[in-house]
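Top line first, the protein sequences correspond to chains F and S. Using my numbering, you'd call the opening residue of the first sequence number 203 and step up by one each time. Using my numbering, you'd call the opening residue of the second sequence number 203 and step up by one each time.
Hints listed in this document are in silico derivations from the structure and should not be mistaken for laboratory results. Hints may be right or wrong, so weigh each one.
What the hints assert, rightly or not - Dumping the calculated SDA-like pairs for lysine to any residue here, alpha-carbon to alpha-carbon at most 25 Å: (1) K518(S) - E303(F); (2) K522(F) - T253(S); (3) K498(S) - K522(S); (4) K556(S) - N540(S); (5) K413(S) - T531(S); (6) K474(S) - S424(S); (7) K297(S) - Y526(F); (8) K408(S) - Q302(F); (9) K408(S) - V299(S); (10) K519(F) - M268(S); (11) K518(S) - P254(F); (12) K234(F) - E287(F); (13) K297(S) - P254(F); (14) K257(F) - V521(S); (15) K233(S) - V521(S); (16) K408(F) - V299(S); (17) K408(S) - V491(S); (18) K257(S) - D520(F); (19) K510(F) - Q302(S); (20) K408(S) - G301(F); (21) K519(F) - N540(S); (22) K318(S) - V274(S); (23) K522(F) - N278(S); (24) K257(F) - S325(F); (25) K297(S) - S551(F); (26) K233(F) - K510(F); (27) K234(S) - V491(S); (28) K519(S) - G247(F); (29) K318(S) - Y354(S); (30) K510(S) - A462(S); (31) K510(S) - T553(S); (32) K518(S) - R507(S); (33) K522(F) - K556(S).
Said to hold, decoys possible - Restraint ranges, calculated between C-beta atoms of paired labels, are given here: (34) S465(S) - K518(F): 30 to 36 Å; (35) G527(F) - K408(S): 41 to 47 Å; (36) V552(S) - I542(F): 40 to 46 Å; (37) T253(F) - T255(S): 30 to 36 Å; (38) P473(F) - G493(S): 45 to 51 Å; (39) R548(S) - S262(F): 50 to 56 Å.
The beta carbon of each residue, even a glycine, is placed where N, CA and C say it ideally should be.
Number of protein chains: 2
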Amino acid sequence: MSLIVTFLGKGGTGRTISAIATAKKLATEGKKVLLVGQDSSPAWGIPLGVTPTAKPQEISPNFAAMQLNSAVLLENSWEEVKEMESQYLRSPILKQVYGQELGVLPGMDQSLALNKIREYYQSNNYDVIIYDGTGGIDTLRMFGIPEILSWYFRRFRDVFEESDVVKTLAPFVQPVTSAILNSAWTPNDITGDKDNPTAQMLEDGKAALNKGNVLAYLVTTSDPTAVATAKYLWGSAQQVGLGVGGVLFNQGESTDTIAADFSPLTVTSLPKYDSDNWQPLIDALPTMVEGVDAPKATEFIMAERKIKVFLPGFDKKDVKLTQYGPEITIEAGDQRRNIILPTPWRGSSVTGAKFQNGYLEVTVG
Amino acid sequence: MSLIVTFLGKGGTGRTISAIATAKKLATEGKKVLLVGQDSSPAWGIPLGVTPTAKPQEISPNFAAMQLNSAVLLENSWEEVKEMESQYLRSPILKQVYGQELGVLPGMDQSLALNKIREYYQSNNYDVIIYDGTGGIDTLRMFGIPEILSWYFRRFRDVFEESDVVKTLAPFVQPVTSAILNSAWTPNDITGDKDNPTAQMLEDGKAALNKGNVLAYLVTTSDPTAVATAKYLWGSAQQVGLGVGGVLFNQGESTDTIAADFSPLTVTSLPKYDSDNWQPLIDALPTMVEGVDAPKATEFIMAERKIKVFLPGFDKKDVKLTQYGPEITIEAGDQRRNIILPTPWRGSSVTGAKFQNGYLEVTVG
Numbered sequence: 203m204s205l206i207v208t209f210l211g212k213g214g215t216g217r218t219i220s221a222i223a224t225a226k227k228l229a230t231e232g233k234k235v236l237l238v239g240q241d242s243s244p245a246w247g248i249p250l251g252v253t254p255t256a257k258p259q260e261i262s263p264n265f266a267a268m269q270l271n272s273a274v275l276l277e278n279s280w281e282e283v284k285e286m287e288s289q290y291l292r293s294p295i296l297k298q299v300y301g302q303e304l305g306v307l308p309g310m311d312q313s314l315a316l317n318k319i320r321e322y323y324q325s326n327n328y329d330v331i332i333y334d335g336t337g338g339i340d341t342l343r344m345f346g347i348p349e350i351l352s353w354y355f356r357r358f359r360d361v362f363e364e365s366d367v368v369k370t371l372a373p374f375v376q377p378v379t380s381a382i383l384n385s386a387w388t389p390n391d392i393t394g395d396k397d398n399p400t401a402q403m404l405e406d407g408k409a410a411l412n413k414g415n416v417l418a419y420l421v422t423t424s425d426p427t428a429v430a431t432a433k434y435l436w437g438s439a440q441q442v443g444l445g446v447g448g449v450l451f452n453q454g455e456s457t458d459t460i461a462a463d464f465s466p467l468t469v470t471s472l473p474k475y476d477s478d479n480w481q482p483l484i485d486a487l488p489t490m491v492e493g494v495d496a497p498k499a500t501e502f503i504m505a506e507r508k509i510k511v512f513l514p515g516f517d518k519k520d521v522k523l524t525q526y527g528p529e530i531t532i533e534a535g536d537q538r539r540n541i542i543l544p545t546p547w548r549g550s551s552v553t554g555a556k557f558q559n560g561y562l563e564v565t566v567g
Numbered sequence: 203m204s205l206i207v208t209f210l211g212k213g214g215t216g217r218t219i220s221a222i223a224t225a226k227k228l229a230t231e232g233k234k235v236l237l238v239g240q241d242s243s244p245a246w247g248i249p250l251g252v253t254p255t256a257k258p259q260e261i262s263p264n265f266a267a268m269q270l271n272s273a274v275l276l277e278n279s280w281e282e283v284k285e286m287e288s289q290y291l292r293s294p295i296l297k298q299v300y301g302q303e304l305g306v307l308p309g310m311d312q313s314l315a316l317n318k319i320r321e322y323y324q325s326n327n328y329d330v331i332i333y334d335g336t337g338g339i340d341t342l343r344m345f346g347i348p349e350i351l352s353w354y355f356r357r358f359r360d361v362f363e364e365s366d367v368v369k370t371l372a373p374f375v376q377p378v379t380s381a382i383l384n385s386a387w388t389p390n391d392i393t394g395d396k397d398n399p400t401a402q403m404l405e406d407g408k409a410a411l412n413k414g415n416v417l418a419y420l421v422t423t424s425d426p427t428a429v430a431t432a433k434y435l436w437g438s439a440q441q442v443g444l445g446v447g448g449v450l451f452n453q454g455e456s457t458d459t460i461a462a463d464f465s466p467l468t469v470t471s472l473p474k475y476d477s478d479n480w481q482p483l484i485d486a487l488p489t490m491v492e493g494v495d496a497p498k499a500t501e502f503i504m505a506e507r508k509i510k511v512f513l514p515g516f517d518k519k520d521v522k523l524t525q526y527g528p529e530i531t532i533e534a535g536d537q538r539r540n541i542i543l544p545t546p547w548r549g550s551s552v553t554g555a556k557f558q559n560g561y562l563e564v565t566v567g
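Isolated chain F, as found in the complex (with noise of 0.2 Å):
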């Protein structure tokens, strides 16, 4: 299996060049590396030195990279889709709606980026897949979707169940759905259905993110507004179950401050990039893959009937905990996570709530 890394940060502080020296680093170890950017520019090909296309190319042995680009992405998704209707429905309507003619909304960049990475993912034909994404709150709510799309669809299911409205509504849904997520597409429900192609595409992201195949490291220059950034992203990152693996402090010495910012992070110093030589700045990153001890987002503590989630940046005050039936939501950092309760605990509520060292501590009566 595939292992997932980004770079979370503000603009300016290095993402995209530790992007490719971490590439660089792992390709020289002996991993197949895949570099995938999100920004659509000829300008992303620069610290590249290739012009970016949109199929993976060679830079140097075992590094590939590639530029998404939505536009064409979203075309190829519906001509699957329209291929897929005509084998299901006698008379397709979308056939007369041309991927060509697809405008890219917002959210569709990041939904059809976490669908070409899935297909990466599952290729098993790179051992690790860098992703440079827009490296804020964006790359976030892309990691998010498996969770929250998810969540939507259950909740929506059973509101909808109580009315007529779900059996009509899957027509319009599912082909939407698809071309956005590239999933199968079938005229059943989509939303019941456990062998769904799309709920089992969202399963599966979800496990990934649980089983720490994903993993993100924070970038940050020693401007203090580059420091807040990277630490209310560490915050958000957890909030949607991403792990985080370190920090990279670009162009400047770490102080004992940051490190106290980031504990129990490890801080690494990175020398200023020179296009001309990249081995120092390689020779400086750590490990970045193996050995990585991420704390966990969120933890259940059986036995206790605690759930322990890691929120760290945040102040006991910008925490909201809210209890619907099974469900408890956490609010933090623009994010809202909904997190189901493990069955010997439903029906029960709530009972108490601590916010200490960066740990909600949830207890469940």
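Using the hints provided, position chain S relative to the given structure of chain F.
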């Protein structure tokens, strides 16, 4: 009517600093200014010197600032949608879902932000609204919503009219769309109805762009990647119909090459930001809102049966043109734009197209 100003460029080139300096300058000139920050991190408040708030707070006379929080915006919109549903339906079903539960999916940030900006724009409480967004393609996707979403509604209406689906669509599409766009919810079909509030809202959004009430500035440093990114975003902005008023060149003297790269835009050199003294930066800024001559994105020359589309920063090979019935689709820079032929040209075909000096000239036979 307010003017909306935004800044585009690579991360770390000084977009937020430029946005704040612009706000300070215009406020000093007597304009009522609202600065809206997309970044939900506390870091966003550092250069402003305040703890960011969700409601406008006064920074200095005439200058208020606020920070968007998607989780909160979504919650508020959802409660309004439920309220409206209960007025229309005898057995409302959405009341079982609470706004505090709703997670934020990709795309919601931009949709909720556009809606909030629209509210302030229509309130006429401010002369200038400065939107400090993520500054890249996501900001352009946001401003592209009115045109592209209108297209989806129109195109899929036509398709679904031939099936039985369209009438059964409304119950689902309506509440979710309404929550994100915060528009009035009615159980009527959204797509066919010109008087529908959502349709009207999208028309208003298109009009704001077409009338030049939304203006972007490119921000760059001398770094080649930053320059290439700014050029790419220039063309991409034109693709969504967003006019670009000029270039802010941060922390360096512009060169003849830079001037040529961005011609016919004016390139203004800005001094390095000093958190203790904003004045040199403010003094160096160009006029910003008055007498700005942003090249039009699209021009219809009726007498010559020509459409002129300004697409700077692209090569001929980057631009694709296709026609489907009464619409032509222009693809460039990870964006697709569908342009409906003016009524007198309906039924005509594209007979020629050339791309020269950044202009795409399409002739309709």
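Taking the hints in turn, this is what the structure says about them:
1. K518(S) - E303(F): Roughly 19 Å separates the two Cα atoms, so the pair holds.
2. K522(F) - T253(S): 19 Å, holds
3. K498(S) - K522(S): 20 Å, holds
4. K556(S) - N540(S): 18 Å, holds
5. K413(S) - T531(S): Holds - the C-alpha atoms of T531(S) and K413(S) are around 22 Å apart, at most 25 Å.
6. K474(S) - S424(S): Measuring from Cα to Cα gives roughly 13 Å; hence the hint holds.
7. K297(S) - Y526(F): Within the cut-off at roughly 13 Å; holds.
8. K408(S) - Q302(F): With a Cα-Cα distance of about 22 Å, the restraint between K408(S) and Q302(F) holds, given a limit of 25 Å.
9. K408(S) - V299(S): Given that 25 Å is the threshold and the Cα spacing comes to 32 Å, the pair is violated.
10. K519(F) - M268(S): 19 Å, holds
11. K518(S) - P254(F): At roughly 17 Å apart (the allowed maximum being 25 Å), P254(F) and K518(S) satisfy the hint.
12. K234(F) - E287(F): Answer violated: K234(F) to E287(F) is near 36 Å, above 25 Å.
13. K297(S) - P254(F): 49 Å, violated
14. K257(F) - V521(S): This hinted pair holds, its Cα atoms lying about 19 Å apart.
15. K233(S) - V521(S): 40 Å, violated
16. K408(F) - V299(S): The hint holds at about 23 Å.
17. K408(S) - V491(S): OK: K408(S) and V491(S) at ~20 Å, within 25 Å.
18. K257(S) - D520(F): Given that 25 Å is the threshold and the Cα spacing comes to 17 Å, the pair holds.
19. K510(F) - Q302(S): 21 Å, holds
20. K408(S) - G301(F): Holds, at roughly 23 Å.
21. K519(F) - N540(S): 47 Å, violated
22. K318(S) - V274(S): 12 Å, holds
23. K522(F) - N278(S): 16 Å, holds
24. K257(F) - S325(F): At roughly 15 Å apart (the allowed maximum being 25 Å), S325(F) and K257(F) satisfy the hint.
25. K297(S) - S551(F): 22 Å, holds
26. K233(F) - K510(F): 34 Å, violated
27. K234(S) - V491(S): Holds - the C-alpha atoms of V491(S) and K234(S) are around 13 Å apart, at most 25 Å.
28. K519(S) - G247(F): Judged against 25 Å, a Cα distance of about 17 Å means the pair holds.
29. K318(S) - Y354(S): 22 Å, holds
30. K510(S) - A462(S): 21 Å, holds
31. K510(S) - T553(S): Satisfied, since the Cα-Cα distance of roughly 14 Å is no more than 25 Å.
32. K518(S) - R507(S): 22 Å, holds
33. K522(F) - K556(S): This hinted pair is violated, its Cα atoms lying about 57 Å apart.
34. S465(S) - K518(F): 30 to 36 Å: Given about 54 Å between the Cβ atoms, the range is violated.
35. G527(F) - K408(S): 41 to 47 Å: Holds, at about 42 Å.
36. V552(S) - I542(F): 40 to 46 Å: 54 Å, violated
37. T253(F) - T255(S): 30 to 36 Å: 45 Å, violated
38. P473(F) - G493(S): 45 to 51 Å: 47 Å, holds
39. R548(S) - S262(F): 50 to 56 Å: Distance hint for R548(S), S262(F) holds at roughly 54 Å.
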